[in-house]
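One line per chain: the protein sequences are A and B, in this order. Note that the numbering used here numbers the first sequence so that position 251 is 251, with each residue one more than the last. Note that the numbering used here numbers the second sequence so that position 187 is 187, with each residue one more than the last.
These are computed hints drawn from the structure, not numbers from a lab. There may be inaccurate statements among the hints.
In silico lysine to any residue, SDA-like type, Cα no more than 25 Å apart, as pairs [what the hints assert, rightly or not]:
1) A:151 to A:141
2) B:4 to A:257
3) B:4 to A:250
4) B:4 to A:232
5) B:78 to A:159
6) B:4 to A:6
7) B:150 to A:107
8) B:150 to B:229
9) B:4 to A:187
10) B:4 to A:151
11) B:4 to A:141
12) B:150 to B:44
13) B:4 to A:244
14) B:4 to A:8
15) B:78 to A:249
16) B:4 to A:249
17) B:4 to A:255
18) B:99 to A:21
19) B:4 to A:159
20) B:4 to A:20
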Amino acid sequence: MMGKMQPAVHRYSLVTRLAHWVWVVAFLVLVSSGLAIFNAAPYLDASDRSDPARRVLSIDAPRDGVGTTTIFGRTFTTTGWLGWADDGMGGRTARAFPGWITIPGPYSLADGRRWHLFFGWIAAICWIAWVLSAALKGHLAQMLLHPRDLKKLWPMQAYYLKLREAPPPHGRYNPLQKAAYTVIGFVVAPLVVITGLALSPGVDATFPFLTAIFGGRQFARLWHFVGMGVLIGFVFVHVFQVLTQGFANQMRSMITGWYRPSPHERGEA
Amino acid sequence: MNRKLFVASTIGAALSACSPIGTALNGNQGFHDALGAAEGLDHLVIGTRGMAREYRDADIDAQFRVNGLDTPSDARYKDYAARHFASYRLLVDGAVARKHAFTLAQLQAVAQQTQITRHDCVEGWSAIGKWSGVRLGDVLDLVRPTADAKYAVFHCLDVDPTGAPYYESLDLRQARHPQTLLALRLNDRPLAPDHGAPVRLRVPTQLGYKSAKWVHHIEIVASMRSLYGGGGGYWEDQGYEWYAGI
Numbered sequence: 001m002m003g004k005m006q007p008a009v010h011r012y013s014l015v016t017r018l019a020h021w022v023w024v025v026a027f028l029v030l031v032s033s034g035l036a037i038f039n040a041a042p043y044l045d046a047s048d049r050s051d052p053a054r055r056v057l058s059i060d061a062p063r064d065g066v067g068t069t070t071i072f073g074r075t076f077t078t079t080g081w082l083g084w085a086d087d088g089m090g091g092r093t094a095r096a097f098p099g100w101i102t103i104p105g106p107y108s109l110a111d112g113r114r115w116h117l118f119f120g121w122i123a124a125i126c127w128i129a130w131v132l133s134a135a136l137k138g139h140l141a142q143m144l145l146h147p148r149d150l151k152k153l154w155p156m157q158a159y160y161l162k163l164r165e166a167p168p169p170h171g172r173y174n175p176l177q178k179a180a181y182t183v184i185g186f187v188v189a190p191l192v193v194i195t196g197l198a199l200s201p202g203v204d205a206t207f208p209f210l211t212a213i214f215g216g217r218q219f220a221r222l223w224h225f226v227g228m229g230v231l232i233g234f235v236f237v238h239v240f241q242v243l244t245q246g247f248a249n250q251m252r253s254m255i256t257g258w259y260r261p262s263p264h265e266r267g268e269a
Numbered sequence: 001m002n003r004k005l006f007v008a009s010t011i012g013a014a015l016s017a018c019s020p021i022g023t024a025l026n027g028n029q030g031f032h033d034a035l036g037a038a039e040g041l042d043h044l045v046i047g048t049r050g051m052a053r054e055y056r057d058a059d060i061d062a063q064f065r066v067n068g069l070d071t072p073s074d075a076r077y078k079d080y081a082a083r084h085f086a087s088y089r090l091l092v093d094g095a096v097a098r099k100h101a102f103t104l105a106q107l108q109a110v111a112q113q114t115q116i117t118r119h120d121c122v123e124g125w126s127a128i129g130k131w132s133g134v135r136l137g138d139v140l141d142l143v144r145p146t147a148d149a150k151y152a153v154f155h156c157l158d159v160d161p162t163g164a165p166y167y168e169s170l171d172l173r174q175a176r177h178p179q180t181l182l183a184l185r186l187n188d189r190p191l192a193p194d195h196g197a198p199v200r201l202r203v204p205t206q207l208g209y210k211s212a213k214w215v216h217h218i219e220i221v222a223s224m225r226s227l228y229g230g231g232g233g234y235w236e237d238q239g240y241e242w243y244a245g246i
């Protein structure tokens, strides 16, 4: 790190650290078991019922040995990766997402659902506990994007692009971090849970508006998948930042709680 | 930079271990059972409360998709079909005050209900059909379940390649849901053999595997433990949830 070292501060509470690592495990399981479930009907339609005329994505094996992925009517050969892929037992078969990425291992819709529905609860309960704890400690206020942060978004981006010497003054989190955490934690992640619920017949009967606002069951399934993509994108950026912004310091802070701020983080409480 | 590369490749290696770790944990009976705890929570939170959405005639799918076990091809079923199901009987017995074997004509004589509802398969696809038949609740009122009755078990005529018969079950609350039907018709025609002729269950508030086809015997019971695999259904015995609202 550049500049004079600052004294370490206790940045993350035990609840935050526990929640973080529970989410790491839950997210990995939810993505891999979700792909296992997707494999049972490897297509997504922008409609209520299944409708090939409104198909946005499909992953197929038109014949043995060939895998294809069709997005908005354009077909790509994806043999070995999607469509004709790892069967989880050393060979290949007609399989949308390969066996090495699905949990638990070789194809099982029943077990994929079992894992997915369990870890969905874990992630949701963990989110509620963390939000309550963070709100009580005043941590949420530091993390959520405030309207006055909006004019700092570009200066912060300019700093990252090396167009600016120093980042704009900010508190514990910089304005872009706040924007990312607010959108991901309080918009996208809840929407992924809600679209997951909305594609279920029992939820549709009990809370019909939920399925309706997303455009019906198949559409909710499509949004659920898109939401997963956004979350994966966030995780990639997040891990990249951790790798490039003082890996040891970042990892230590999320394990022990102690973080050594960089010079422009003097606003740290 | 080398350190970053090392860290990144370590993360990659850890990720690729996820699937095998998942497979190993899945094989642990205690862990596998613990995961099943979510089903009780789902049943509690979602339950069987509201009404499935009903559609208009224009929404009906021209071809209703056929899925599940093969259409029965044994002598008994062929005989039923050859005589237009005249010899078919739907036996309703078990924990009831008045057990009864219904002929198809008797079922047709009970007040008929029609619903245009979406069928949601556990695999992920959906199709819309127009179903007509008898409310299961009306049949239960005729046979009068006794005080200890908890579940309705549906015995079916289809068998899997190993010879295991299909069966399903609902608790009596789900069975008495106003949209739970013993369907006799699909899209204004008598059920075709592939759709479960002559009688199939229709449970629009749960996933498709609950809507058992080729039902010929309904057994009212206090417990399902002693029936087949004890899970309350053919797919349930293979690891699928008994509560299929989600």
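Hints violated by the structure (listed by number, smallest first): Per hint list: 5, 7, 9, 10, 11, 15, 18 violated.
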